[in-house]
Structure formats: C-alpha cells, structure tokens
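Protein chains in written order, with my numbering: chain A, 821 to 1087; chain B, 254 to 889; chain C, 5 to 204; chain D, -17 to 280.
Just so you know, the hints here were simulated from the structure itself, not pulled from any lab data.
Bear in mind that the values here come from a model prediction, so they are computed numbers and not experimental data.
Among the hints, a few may not be true.
[Said to hold, decoys possible] Covered by chain C, according to a simulated footprint, are these stretches of chain D (three or more residues, beta-carbon under 8 angstroms): (1) 107 to 119; (2) 183 to 193.
[What the hints assert, rightly or not] Footprint (simulated), chain C over chain B, 3 or more residues, beta carbon under 8 angstroms: (3) 448 to 459; (4) 505 to 513; (5) 600 to 608.
C-beta atoms are modelled at their ideal positions from N, C-alpha and C, and glycine is treated no differently.
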Amino acid sequence: LRRRSRATPQAADRHAGIAVGTACVATVLVITGLTLASYVTTRVISAGAEAPLVVRVRALQWWWEVTYPGEAGPDVVTANEIRIPAGRPVRIELSAADVIHSFWVPNLAGKQDLIPGRDNVLTLTARRPGQYRGQCAEFCGMQHAHMAFMVIAEPPEAFAAWRAAQQADSAAPAGAEEAFGRQVFEQKPCGACHTVRGTEARGTNGPDLTHLASRATLAAGMLPMTRGALAAWIADPQTIKPGNNMPMVPLTPAELQAVSAWLATLR
Amino acid sequence: MSARIQDDQRDTDLADAPLDAALRRVWDTPRGVWGALATVDHKVIGRRYIATAFVFLAFGGVLALLMRWQLARPESRVLTPDLYNQIFTVHGTSMMFLFAVPVMEAMAVYLVPLMVGTRNIAFPRLNAFSYWMYLVGGILLWGAFLVDMGPDIGWFAYVPLAGPQYGAGKRVDIWAQMITFTEISALAVAVEIVVTVLKQRAPGMSLDRIPLFVWAMLVTSFIIIMAMPAVMVASTALILDRLVGTHFFNPAEGGDVLLWQHLFWFFGHPEVYIIFLPAVGMISSILPTFVRRPIFGYLPLVLAMVSVGILSFGLWVHHMFTTGLPRLGESFFTASSMAIALPSGIQIFCWLATIWYGRPVYRTPFLFILAFFFTFIMGGMTGVMVASVPLDTQLHDSYFVVAHFHYVLVGGAVFPLLGGVYYWFPKFTGRMMSERVGKWVAGLLFAAFNFTFFPMHVLGLLGMPRRVYTYQLDMGWGGLNLFVSLSAVVLAAGFLLFFYDAVRSARHGEPAGDNPWGAATLEWATASPPPSYNFARLPVVRSANPLWEDDGVLPVAGGLRVDRRELLVTTVGGALPEARESSPRPTIWPLWSALATTALLLGSILTPWAVVWGAVPVTIALIGWFWPGGRKEEES
Amino acid sequence: MKQDVVVDLSDLPMNGSGTASLTWWGTVAFMLIEGTGFALMISVYLYLGSLAPAWPIEAPPPEWGPGTGVTLLLLASLVPNVLLSRWAAARDLRKVRAGLLIMAVFGTAPLVLRVWEFMALDVSWDSNAYGSAVWMLLGLHTTHILTDLLETYVLAALMFTRHADNPRRFGDVQDGAMYWNFVVLTWLPIYACLYGIPRL
Amino acid sequence: MRTLGPALLSLCLALLAPASVWAHGADPHGDAPAWSFDPWIMLPLMLAAALYLCGTARLWRRAGMGRGVRYWQLALYVAGWLALAGALVSPLHWWGEHLFTAHMIEHEIVMVVAAPLLVAGRPLGAALWAFPDRLRRRLAGAARGGLWRWLSLPATATILHGLAIWVWHMPPLFDATVTHVGLHRAQHLSFLLSGLLFWWALLRRAHPAAAAGHLFITMVHTGVLGALLTFSPRVLYTQQTAHAALWGLTALEDQQIAGLVMWVPGGTVYAAVMLTMVSRWVRRSSRGWRPGDALRAR
C-alpha cells in the first residue's frame, strides 16, 4: 500500500494500464471458453436419437393434454401425466390451445415453450424409472401456479402394459352406487366437457376421464387421486383452484357420493 | 432597480451582486400555484421527477412486501391469485417504467445542464410536458390498480394472454396506454438530453472532457431513442388488436405470437442498459471524488459505454431461448450475449485501477459504490450463466432469474443511484445527508439485499418457477421462502431509513456549501442549491477535471445578456462557442397539452373515435404552446 | 468561487441556423425516433410476410394507381419545399409566405388522394395480418403527413401576423421544410414494400 | 493526394470489376471442392496487385520508404487482396455455389473484410503512381467531377450499399442468380463496388461521427435482414438451399445459418469500426481549442 501511494501518477497509470489490459485479455479468454463449452453442451444435449417414442402434449389453461398417437390401436389420451418407458428417448411434440405455456421437467430437460400457432419439439430420455415432477414455467394466467404434471418413467414392459390398458374403454360400473354415479355423470352437463370412452360423454374442453383413477393426481397436480379429493373437487372446484374452467355443478350429496365413487373406479 | 437594467446589458457589465439580482428577475420561477404549474426550470422539474420516481419505488416496494407475505408459506391464502397477478404486474411495471428509467432520466434532467455548464436544459417546455405525461401515466396505472383494474399479465404482457381473447376487460388496455405515456415522456427527455449535451456544453468542454455521467446519459438517450419506438409499435399493435380487431398477434389470421416478443425484447433488452448505463456513469463521476484522483481510463470507459449501447441491440433474442429458436443459432446468440461481459469487465477493471492507485475516503457514497461492486459482479456472473443456452433453458423463468436481475438492477443501478443521491443531495438541497445514518443505510441495504435475493438463486435451482402465486407444501421450498420474506422486511426497513434520512436532512441537515466533497466537475462550481440561472457567468473548461486544475479561480465566459433568458450554443465536437440562443419563459401550455393528450389517450381505451375528437384539443394546446407570446425570448 | 473572464461572447450571433440551432437538432432527434418507428413497421411487414405461405394473405396486391399518384405528388412537392427552405434561409418574407401557401396545397393534395389509396389496398385491417400491417404502415405515414400539414397551416397563418419577420420564424420554416423532406423520403421504402413485395 | 484518389479508384474498380465475375465462371458444377484458377478472376486480381505494388515502389523511390503509402497501409492492402482472392479463388467459391451459408460467408468477406481493407490501404494513392505523370494528372482532374462527389457522400454511399444488399436478397432475385450467370455476376459486382464505395466514403471522406452513425445504421439494417432470414419458419430461397442436404443440413437450417452469418459476424465488423470512429472523434475533439482563446473574432 505504501508503495503505490509513492508511485508517480504516470507510473501508476502505466501499471494500471497493464493490469487492466491483462484482465481484459483474461475476460476474452474466459468468455470464449464458456461459449465453446456452451456449444459443446448444446451438441451433446441435442444429439439425434434413434426411433423415439412420440408423445403429443397440448397445454391449456391450466392443464396438460397428453396424446400417444396410435401404435396398433386407438390413440391414448390422458391428462397431466406422461408415462414413458425408461431408457428410450421420447420426442415430445408441444402445442398450445390458448396462451403460451412452457414445458419444464427440471430433472429431465430444459424448458421448451408451447406457443399458439407454432409447433415445438423437445426430446428427453429418462435414464432410470421414477417419478419426475414437471410444471408450467411461462406465466399463463390466474392458475399458472397450479399447472403441474408428472412424468412417470417405467420399465418398457410396464409401459407397454399401461399403454394397452389405456387403449381400452372405461370399465363397466362394478356396483349399484357406481352405476348410479355413471348415470348422474351422463345426465348432468359433465359430458359436455369430458370424455369417458364407453359412455355418452364425449366433450373435449376438459381432460379425458376414461382412466382417471389410474393417474396419481387430480387438477393438474393439486390434489392426490383419492375418492375424497374427487368429491371435494367436484363439489367446489372454484374454491380449490379459483378461476379454473370447471364450473360447479349442483349435486345432491347422494349424487356427489355416487359420481366420485364411480370416477374412483375408472382405472 | 429595474430601471437601471438597460436593454442589451451584458453580464460582464455588472458586479456579482447586481448580476445575481438581474438574472434572478429573469430566470426565477414565479411564486404560487401558477408558477409551480408553469415552471420550466430543469432543477424544479428534475427535483419533482426524482421525488415522484422515489414515491413509485416506495409503492412498488410495498407490493413486493405483499408478494413476500403471500409467498412466505406454502399454499398461503393471504392474496387471491387474481390480486397476486395484478400485484406482480404492477410491481414490475412500476419499477421499470415508473421508477428505474424515469429516476435515471430525472437525475439527468437535474444534473446534466449543471455538469455541462449551461443555464437550462434544451427544450424546457418539452421537459415540463414530459413530467406531466409521466405523472399521468403513473396515476393511471396506480389508480387502475386501486380500483381492482390493474393489469394482470406481467410487465412483459405476452400475447395471447394479453390479447383480445384472453385479456378480458380494460386491464391490458390500461397497461398499454401507460406504456404510451411513459414512453412519450422518456423519449422527450432523451431528446432534451441529447441536444443539451451535444449543443449546450460550456465553451472548451470538448468530447474528451465531458463528465462520464454526462457521457453515460448521452449514450443512454440514444439507446432510448432507438429502442423505445419498438415498444410503442408493439403496444400500439396490441391496442389495435384489442380495440379494432387487427390481427398482428393472431396466428389464425396470419399474425404471430412471437412477433410481440421480438418487438418487446428489442426494447426490453436495451431497457436494462437504459437503467444500468446511467448508474455506471454515476460511479465514474463519483468515484474520483472519493479516491482523490482522476478516473483511470477515460476513453476506454467511454468506448465501453458506447459498445454496451451497440451490443444491447443485438441481444434481444436471449430472452427467447426457450421459444424454439433455430438450434444452430444458439451458439451465435450465446457468443453475442457473453460478449457484453467484455465492456462491463473493462469498466470494472478501470474502476478498480482507479481505487487501487487512489487514496479512498470511506464516505457513504463510496460505500454504496463498494456495495455495487460486489452485487453487480455477482449479477454479471449469473448473467454469463443465463447467456449460455443449455443452462438458460433450465434457469429461464425460474427464481434464479429473479435473483439475477435483482442483482443487476438493484445492485447495478439502485445502489449507485442511492450513492448518487447521497453525493448530490447537498447540491439538490444545500444540506448534507447524515453520514452516520448513511452508513447504517448502506450496511443494512447491502446485507438485507443479499439475504433477500441470494437464496432465490437456490430456489431457482430447486425448480421454483417465477410468477407463481403459491407453491405446494411438498415442494420443500417453504423454509427458504420464509427466510427471504423476513429478509425482505429488513430490506424495506433499510429503505425506510433512507427515506427518513432524506426527508429529515432536507430540512435539518448540515449546510453544505458549494463544493462539500471537493469534487472536480462543474455542478460544484455554483451555489448549493444552484440559483435559478445555474451560473452567473458560464464556466470555461480546460480539462476533464476543471475544478481540480484551476486553483480556486474559475475561468468564465462573459457577454450574455441579462435582460432576458439567454444561453450559449457550442459546437458538437470541440464545444467552441457558436451562437447565443434564447431560452423560453415559464408557460402553462405544456400542462394543457399533457391534459389534452391524456384525454385523447384515455378516451382511446374506450373508443377508437377518441383519436379523432381528441385530436382537436391536442391541436389547440400545441398551437397555444408554439404561438409566440410576444416576449423578448420569443421575438429576439 | 472567484471568476476570471477569459472569453467574451457578446459578439456571437443570436439564434444560429442549421446545426447551430437547437431546434434543428431537436427536429433531427425526432426524425430519428420516427424513422426508427417506420423501420420497425417495415420490419414487422417483412417478418409477417416471411411467415405467411402466400403474401399478400387472401387479397390481391394493392392497385398501383392512387399510391403512385401520391408518390408523384410527394416527389413533386420536394421542389417548392426546397425552394421554400432557401427563401427562409434568405429571410425573404414575401416569398416565404407564398411558399408556405404552395406547400399547404402540396401537402393537402396527397392527403386527399390517400383516401383512395386506402381503398385501393383491397383489404380491410381486420381481415387478416396482411391487412393489419398495410393499414398500419399507411396509417402511420398518413399521420406524419397530417401533423406536418397542420404545422404548415399554423406557420402559414403565423407568417401573416406581426410575429412574422423574425429569424426564429424563418428557422421554424426551415426545420418544417426539413421535416417534410423526411416525410417524403420515408415514404419511398414504404411505397416499395407496399406495392413491390406483394408482386414478387 | 486525396484529390487524386477518386479518379484512380474508378479506374482501379474498372480493372477489378472482372474479378467479381468468378460466379460460376470456370467449372460451375464440379462435384468436388477445388481451387478455381479462372483467368477472368486471376487476371484482374494480378493487375490490381501489380498496379498497387508498382505505384508504391515508384512512390517510395521518389518520396522515401514508407512515405505517401505507409507500411501498415501496404500491409492492409495486401491483407484485403488476399481476402478477396481467398473468397474468389479458394474452394470457398465452389462451396458457395452449393450452400447458402458458404455463399453468405463469401459475400461477407467481400463486403466487410476485403472492401474495407482495400480501401484502408490507400489503393488509389499508390496505383496512381504506376501511371505516367500526364495521365495521372488527367485522371486526377476527372476525380473532381460532381458525380463522384455526389456518389461518395456518406449518405449516398450508405444508401446505395444498403439498396444493393436488400434488393439482391429478395428471394426470387437471389434464387435467380443461382441459375442465371449474368445476374450472379451483376450481384457480386454490385456488392463489391457498392462496398468499396461505402467504405471509401466512410473511411476516407466522412467525419468520424457521421461515419459512426452510418455504420450503426448499416449494422442495424443488415442485422434486421439477417434476423428475418434466421427467424423465417419457411425456406425462402429454394434454389440456393437445394444442396444443403449434402452437408447434413436441412434447407431451412442452411438459410438460418446464412442469416446468422450476416447478422452476427457481419454486425461485429460494423460495430468494431464504429467504435474506432467514435474513439477517433473523441480523441480529436479538443483540437482547435486553445485555453483562453479570445472569441471576439467570431
């Protein structure tokens, strides 16, 4: 410290010039290195994959529609849950129905936006079986916070079995309460928005419920898939998730019981 | 007395005291309400501008606290999602459009004419107009928010969420018109500053002797001029889509959703530098005073600022890395985003060299500069991280980014700004702010800021997305969020202490004297606070640090008239005297013009025809503005 | 602080003209702002065009007639405009008055023809994005003609009052003339886009 | 010396002109990358080098080594010449016929590398001396003509260069150049000539501040053009990108990289020169001011 205060202004400026120059060169080298590293990483991440599984994901306010285009059999349509075979690359074709959303499963891949009028693609591979949580990462309106989904990676055989099961129509009601529940579902406006294959309900505004109970969560990751949660959700969706597009359909307690009982059997 | 001032009397004919009296009679703002509404004094308007901007900072801060209250616990129900979305939108919009950009321009409105040694800003009436427009824009946004009509689409207003189909009601229209108000005012100030700096510098203040804050404002003003039209075009297109059914952003009819993002970020990225460059300029201007030596690397600093200005127009794409850009372009975008690290680095190295070879005096403004160094370097490092595409696709729109840009904007701009307020406060008011309280403020803000925002990096890495009104219990983000919220309260306390100190010192602070810090630049060559005419005789500049070279004697230029408002026009490069020019007197017409424009713009939220009938009062007001009133200044 | 008078400004001219005048620089700065706006609108037009499978979208290319007429009128107006600027520089009040009246006519004529130009676009602003883009481009330019025309009217009126014979007024006339040149010159790339691109 | 410059430039350009006719000159459809020693390219290139070198040698004999044309100017000219030759003669030329990206690189080398370097090397001041004295003076006289004065106004040159870039990049026209040799020659000729004019006007004639402004405008408008190419979701140039698959690219990717080449590296050159200009402007600004100047005289 003493030394620098004694230096003449000219000498100080010269020293400073050398120091600053060196630092600038170092900066250039570092950012060049980082750019190259970034380039290499991009190459590695986007390396082409052989014969990926194709899954279509369509985002809506505030849930995800997932379609598996028919490989020997009808398309499988589900919601808020993406089952994939572990170890096999998956090509996810992204589209948006209303506003911009963003598909983000932090543990599997970076984000990719779903943009109305444009088609984006994201390729990811789950190396190990497991459950990976995903969430919308682009602000998309009132319930942006509650727009989660689950990626479930399974061994290929389990995935194939699941897929075959999903291709089937909904199971017939097991008992009288369930039969009554299905009847209520068909009489009330539920079918205007929801599809349950094997029944009259063919609406497309809301999630396909054919195999509702096979999913882990309800209302885009908000609630666990239990009969109680189903009843609560049907009874008052606007309190649980304000602003969402599911209206409250007035039901008597018995009707509510029956509908949730029936839905809970749709595995 | 008045009889003795004859026509065509010059400042060289008078002794100091009668000169002061004569100039005051010509330059003082009239007393009373009329004077307050009609003033064109850049110092009055600048003070007003600064105060208003800090009020919006406080309002925006309150909203931040509300958000932190809501987020302190998982699944909290303090705020409804609708209210939360309005709050984060109004917070962002206020901070960007009503605080950060205006406060930097406001500091320039006050300081630039003093620092370049002239008597008033160029186009003082436009300056008055720009303040009124800014005020109305701020009232519009906040008024709408208070009656539950605040925009709820984020400060970036992405379509289609902000479009006619999903942005119901008038909330988005209010946001878009608020843009129009603040952009008009920002553009007007930018024009004034460009012309003031290029043409009104004191004789001898050639380009290599301009104070670096003034250089920064010149570059900033050019960025504003080139960048803000983009958001004007965008918001106009949005209003047209919503109001008269055009299809700019409607993919079903050939429009494009990403067009909005291109236009918005073509403005939005330079916006960051519009906020950051003035702060850089403040540091370069304040630093030499507290290390007792001239800045090291004047020319590299100027060129660094210019190159930041140029680069800022090439970087908008880096806000769109997740929208599905061409894969092959990613390396180009990464490289150009990282390139900005070089000019930023040059600046930091030059400052460090200046400190290293100087003799630092640890007063409050300097403490803020030190706080700046740490936070800004941190923000710069995370900036390099988000510049890398593969990394950014993970970090984008997560709390990591929230942390990053608060480090850049608060650390990079607000800390230097507060340092600047402590530094120039004696010039603004004639009184010092408290050194003791100032050190507490600096320390408290620095610590609380880091406690508040550093954990957000971690939250982002844990996967917490931005703009969520709540999160679920099983995500495990609760503990950190609670910590962040508590720190935010401390941060708010720091700001409160700052406001207290400012208000108290304005009345009871120690009297400052002309040049309390022993600084080198021209604003300290006149009284504190400066008289209405700024300089009795215009200073003459012979070096980059005029007050350090002239041993207590100020070389001045004489010969301007004292019976009317007159200032000096000099050449662009060498600042050689070129002509004398009259400067306008106070007038109420800018206020009428602002009100007429307000009627037009607000009316057009409701019906497109407002543009037609609203044009009539605007035209009348503008004719009133420009029609000569027979004063000496207007007839010359 | 003690002062030492080292420079005497008393013989400097009052109110410089051209680059020595503040209003000249202000006008240039506003031209820069508006030029950026025009450039951005043209970019929007080209961007939307590069997106569309066919451009124009479901509309014929605009008819040549009225637009070309407007272009010719605007180009012709440059002659009296340049003369007016020279007369103002020479502070010839009589000629400036005449010039302003001529420019008032030359400004009004393309504005009237512009009405037909809008109709000749053969598309409405709310039919599709192409229609929106062309209406906005044309509208933006029309606004500039309109505002400069208003300024010409006011200046013309001012020049017949007692305020007329004054260097500031002549400076205003010169800056107004410069702005009109800008309005005419910015029209040329817009014209090329509106009428050329759809025919490629 | 400066007044002689323009005349010689026109002459030199006339001589250089055939050099830009490399487009599909020798062997347009060869299927392996190769050097193309086309006499239509080699001859004018050699001539340009010979004129410059002879002139410089003669000048230095009279005025002394390193006078009139400085060493660094010679070095820049040589670098520019090599860049131009590299674009025209090396396999890059062959490549450019098959890949939009390579073609864009070729154009950028001509417009933002070779042209400014050649101009910075004071080609006219040097080449002038290769001529007999009388002819030299006559050429100098021609340079004072109004046309050249008008052409080399910074604004005119910027607009002409900009027009050349934008007009030739209109997709139908650009595609036509791939199939039509005459059009292709005209395209490259106009890129080189307008480029030389642009850089001459900015580096040799304009005020540094004006030069910086024109460079900024050029950077922005070429950036916008590059961005339009980069972000278009459709292939706009079908002919030019037809062979992209040979390099493992899709036609769209070829177009995107071409756009990026124009946008980012091209823009970097404009920005760098602009900064140099600003720096020169700032450093020179305190000239002409003496402290204590009595200003009564003004």
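Among the hints numbered above, which are violated by the structure, and what are their numbers in rising order?
-> 1, 2 and 5
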